[in-house]
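J.: Let the hints inform the model, and build the full structure from the sequences given.
Here is how the chains run, residue by residue.
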Amino acid sequence: MAGYLFRRFVTSLIVIVGISMVAFAMLHLISSSPGRAVLGLHASPKAVAAFNKANGYDDPIVIQYWHYLLQLLQGNLGYSYKLNQPVTSVLGENVLRSLYLSGVSLVLAILIAIPLGIYQAVKRNRLGDYIVTSGAFTLYSMPSFFLGLLLIQSFALSLKIFPPEASQSVSVIGVIEDPRAMFLPILNLVAIQVAGYSQYMRSSALDGLGQDYIRLARAKGLSQRAVLTGHLLRNSILPMITLIGLSVPALLAGNLLIETLFNYPGLGLMFYNALQNEDYPILLSYTLIAGVLTVAGNFIADVAITIADPRVRLS
Amino acid sequence: MTRVLEIENLSTHIQLSRSVVQAVGNVSLYIEAGETLGLVGESGCGKSITGLSIMNLLPPGGKVVGGSIRLEGKELVNLADAEMRKIRGNDIAMIFQDSSSSLNPTKTIGDQVAEPTLLHRGGSKREAVDRAIEVLDLVGVPRAKERLADYPHQLSGGLRQRVMIAIALTCDPKVLIADEPTTALDVTIQAQILKLLDDLKERFGMSILLITHDMGVVAGRADRVNVMYAGRMVEATGTKEIFSHMRHPYTQALLASIPRMDQDNTKTLFSIPGIPPDLTNPPEGCRFAPRCAYTQPDCQKSEPSLRGDDRHVAACFHPVEDGPLKPEMMVTVSHGQVERKDGKNEPPLLEVVDLVKTFPVTSGAILRRKVGKVHAVSGVSLTIRKGEIFGLVGESGCGKSTLGRVIVGLERPDSGKILLNGEDIFAYKGRTLAKKRRDLQMMFQDPYGSLDPRMRVAAILREPLSIQGVESSKEQEARSIELMREVGLPSRALERFPHEFSGGQRQRIGLARALTLNPKLIVADEPVSALDVSIRSQVLNLMKRLQVSHEMAYLVISHDLAVVKYLADRIGVMYLGKLVELAPGDEIYSRPVHPYTQGLINTIPLPDPEIEKDKKREVISGELPSPISPPSGCRFRTRCPRAQEICAQQEPQLRAFGASHMAACHFPLVEPLESATTASGHSQI
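As given, the protein sequences belong to chains A and B, one line each in that order. Per this note's numbering, the first sequence runs over residues -9 to 305. Per this note's numbering, the second sequence runs over residues 43 to 727.
Bear in mind the hints are in silico, worked out from the structure with no lab data behind them. Be aware that a few hints might be false.
Unchecked claim - When the alpha-carbon atoms are kept at most 27 Å apart in a straight line, the in silico BS3-like pairs for lysine-lysine are as follows: (1) B:K237 with B:K562; (2) A:K113 with B:K128; (3) B:K167 with B:K187; (4) B:K149 with B:K167; (5) B:K116 with B:K243; (6) B:K478 with B:K562; (7) B:K149 with A:K113; (8) A:K113 with B:K105; (9) B:K415 with B:K471.
Note that this is a predicted model, so its numbers are computed, not measured.
T.: Pasting the structure below:
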């Protein structure tokens, strides 16, 4: 198993290097002369050439990529001329703030969706199931920002229970210490995810309930509760693991809208601003982070499946 | 004798979205202490639902709507759930058909076997594990202690079934309900498991309710047999009586339609016309009347109730009195035979020459490294003549299906040749190969999975014609109508979808599809094993009739020796990728040469209590070795009672034991012909 995980890890690294190549090549296509972008339309061609030469932007693309890769290995993601600071320091706590928002909502969503899905499967085609399914489909079909607008309108503007804006604290600790401000964005993300995951869990649990081993567990004399927790739960979660792993990058994309809506300084908001400023080094880093998250999500899901499913563990 | 379990007038209904299936109606039965009651019937007759009703484990929508179920006098119907749970797995235990899906794939064997003890006996985890080891030992799981941490997928099918029996035994149940306990297993493993159940019953004095469709299984071990048909109990009596002095025409017809080893295979097999009634809307009167040969006007008017004395009851107005149907009384016709000019000199239709097929075993999810090979077919040679039916038998995993798939060109062999009329079909590729293949067609086992559910029958039958370029749609239509008539289906059924047909009808469609292009050879892979006995004989008769009228050859692949015996002129026995014996059908049964062949024949449960009781319970021990690293020398030696040193060192070659009887064994049961001690596998056989 250790060997398998090691091989899996190495392939993940190769994929990440591949992503960096593609992202770099695309950036090069879009903006091959950073000098022009930095110095502006009125700068003389000479000045632009001098700038490019001084910063190595006139080297062949392979050499440029090599330098970029070396810098990357040292943790240097490049320099944002637009903001006049290194990309790493721009990313800085944005990464941590995004991680906090996504992580908390993902964990909450899973903790709610799994029991909810099992509940629906057990109550299949009865009132409780219909109510949850209708709710889930309503939320699922709604754009996330629209739900956000509804939440802000009702909870923040009308009822004034929660602030309309997420925590503006610079440090992550400050954000964590302000749960009231984070309530609406987290609720927004959780609701959207629960809607999807619970329906998936419902069908997975329904599959499970029809299995012969559930019948055998009942034939042993186990109670409904013991059957559900002891025999159904683990088997029904297996397909969820892959799904959750695959949706990690989607979470990041979802945050883009939510962070913008609640004006929360995370990766999403940073990306949005960089897009408007045509700040390519930051966009490149964001692409790279999204790529790494995709690979990491898959890798973690694989590891989790390996632990959870003995059939995968040994073959 | 005390009656441990008694069921009276049980009715169980299953609510579907738009209708109600009256699965069990007015069924009564009892089991005495320490006896085995066989509950037999075809699929959908309500036998399993009766078993599940006892346990109150009915599928969604299922409900006991009337009657009573008493365990030692205690009423179980409408018992509070908490009370019922104390009975399940404790006083009454149940084992199911499919051990691969009945064990939880994510829990260890130890946990699963220990669970009932913890639940019903209390005590520590340690004590429960000790008990688990004890019962696993008892059911013959070797080195039980080391197996505790294993997961179900690491065990073979036979071992899993033993584990399931161990789970049932942990709390010393009074009654064991065994629902088709051996149906998913190979004959050799089936014999081992049935022997185990017999031993356990003797030792612990349990009562067993043995639910099965296989009359052979009940013949050898049940004390009494109850027969169900369409949700009704139709007959109940001692095992001997049911086979020799049955009263219900259904019992008689059911037994008559099972192909026997001594069946005259030039005559049609007895079969029950029609199909069982739809239980969402059961007919008035006797439910068997529409299919019954003895039916009278009064049978349709009211329903007969069970009558008779304590020892024998049957629900029939006009019970049969003269015992089983005698062959001369059955209305059978001769199939006729495909005429051959001169069997010996005529060139063979199909030759398989030294065929080898392996499948790679890979490991790792991304970097698929080859770590070994499954040796599915390892050097098989055989010949099929024009108009001949060749039967191929063997346990699952012996390579018989792979061989069939290679022959019709669905797989490419690693080496060796398939010659059709002397022409190597694998010398061609792509479109030319496709053209060559039209003479080789396939009929599949699974009547549900082998027809595209979204295609109408007409489209299914026309597809091969379009592929092979019979283009005019007029021609195609005419051909499909003709095919439907040939397989005995109405031509208006062409517009229907596969799910609108019964299993037997679907196999007819499968046969029609195989016939579309007038092939010279049809490979029929387990053509009837998914079908019930009464339907099975209809399909077998049809296959035989069409073979004669189309002058085709069949390669019939089956694990069921009686089916193969009935259909085939010659039979080949395969074991772990090798052909071990080859002989004319009659001879292979009367004079088997290879110990494996004899073992297979001995282990088939026959629907005859006299033979079954006398049978020495000698079964082929052990299980099929892994085809990834087959044993050296003779592959059967690990399970062979006659094996000696030479068997491990030297691979036995096929030798002649008669005019057209070959076998590969160092210590055959019959002396080989001296003149031909080293016949090569390639020779004309």
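J.: Each of the hints needs a verdict: does it hold here or not?
T.: Hint check results:
1. B:K237 with B:K562: Cα-Cα ~44 Å, so violated.
2. A:K113 with B:K128: The hint holds at about 24 Å.
3. B:K167 with B:K187: 15 Å, holds
4. B:K149 with B:K167: 15 Å, holds
5. B:K116 with B:K243: At roughly 23 Å apart (the allowed maximum being 27 Å), B:K243 and B:K116 satisfy the hint.
6. B:K478 with B:K562: Distance ~11 Å between B:K478 and B:K562 Cα, so the pair holds.
7. B:K149 with A:K113: Cα-Cα ~26 Å, so holds.
8. A:K113 with B:K105: 17 Å, holds
9. B:K415 with B:K471: Satisfied, since the Cα-Cα distance of roughly 25 Å is no more than 27 Å.
Against the hints set out earlier in the document, a violation occurs for number 1 only.
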